[in-house]
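Using the sequences and the hints, build the whole thing.
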Amino acid sequence: MLDIAHLLEQAERLAEATDGIDRPRPTDLRRAVSAAYYAVFHAGLIAAADAFSGKADRESAAYGLVYRSVDHAKMKALCQEIIKQKPSTKFQKYRPTEGWDPFLVGYSEAFITLKEQRMLADYDPGYRIAPAEVEVYISTARSAVDRLDSANGASKRVFLMLLLFPPR
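First residue of the sequence shown? That's 1 in the UniProt record's numbering, and the numbers climb one at a time after it.
Hints are not guaranteed to be accurate.
25 Å max Cα-Cα, derived SDA-like pairs, lysine to any residue [claimed, not checked]:
| # | residue 1 | residue 2 |
| --- | --- | --- |
| 1 | K84 | A154 |
| 2 | K86 | P167 |
| 3 | K115 | R95 |
| 4 | K74 | K86 |
| 5 | K93 | V70 |
| 6 | K86 | P102 |
| 7 | K115 | T97 |
| 8 | K55 | A154 |
| 9 | K115 | L2 |
| 10 | K86 | E109 |
| 11 | K93 | E116 |
| 12 | K55 | F103 |
| 13 | K76 | E9 |
| 14 | K86 | A73 |
| 15 | K93 | L120 |
| 16 | K74 | R168 |
| 17 | K74 | A62 |
| 18 | K76 | Y38 |
| 19 | K76 | P87 |
| 20 | K76 | A62 |
| 21 | K93 | D124 |
| 22 | K93 | R168 |
| 23 | K76 | T97 |
| 24 | K55 | D28 |
| 25 | K74 | S88 |
| 26 | K93 | E109 |
| 27 | K76 | R168 |
| 28 | K115 | G64 |
| 29 | K76 | L120 |
| 30 | K84 | L164 |
| 31 | K115 | E12 |
| 32 | K115 | M1 |
| 33 | K115 | S139 |
| 34 | K93 | A73 |
| 35 | K93 | N152 |
| 36 | K84 | V158 |
| 37 | K115 | S60 |
Restraint ranges, calculated between C-beta atoms of paired labels, are given here [what the hints assert, rightly or not]:
| # | residue 1 | residue 2 | range |
| --- | --- | --- | --- |
| 38 | Y123 | P96 | 34 to 40 Å |
| 39 | A17 | G153 | 41 to 47 Å |
| 40 | S139 | T89 | 43 to 49 Å |
FYI, nobody ran anything at the bench for these hints, they're computed from the structure. Ideal Cβ positions, reconstructed from N, Cα and C, are used throughout, including at glycine.
Take a look at the structure:
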């Protein structure tokens, strides 16, 4: 299983200058953005699989099935619903009465931002980013992971349920 802390450490290492070079290489900066995004994405997958299958079951095929059932587009769509003031009809009835936990809103906002940046970093040949911007994205990722961990239990359960079982 991927270690979220290791992904964030990898992003930080990639964003540093190396071996006599005064600034990080552009490719390393791009990979750092990608690693920061993947830390946030996999934190969501781990939370969902742990909630459904259980932490003790992490080595099982069933856990892997739950973990792999969520794709990037599905998570992005749910995060977009979480940050909306008025969710779409199919999500409305699942929204907690008191609204979404602010920590989940923060996680969702960070996920969307980092996913957009990851797509640019991985697929846009003209993408350029400054080391200071990469540091902001790494900090955003670290904060997003902490927010997901700190989210209210009931609101978080609904979020993870919708992630695994999106309404039709």
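Structure-inconsistent hints, enumerated in ascending order: The structure conflicts with hints 7, 11, 15, 21, 24, 37, 40, although it agrees with all the remaining ones.
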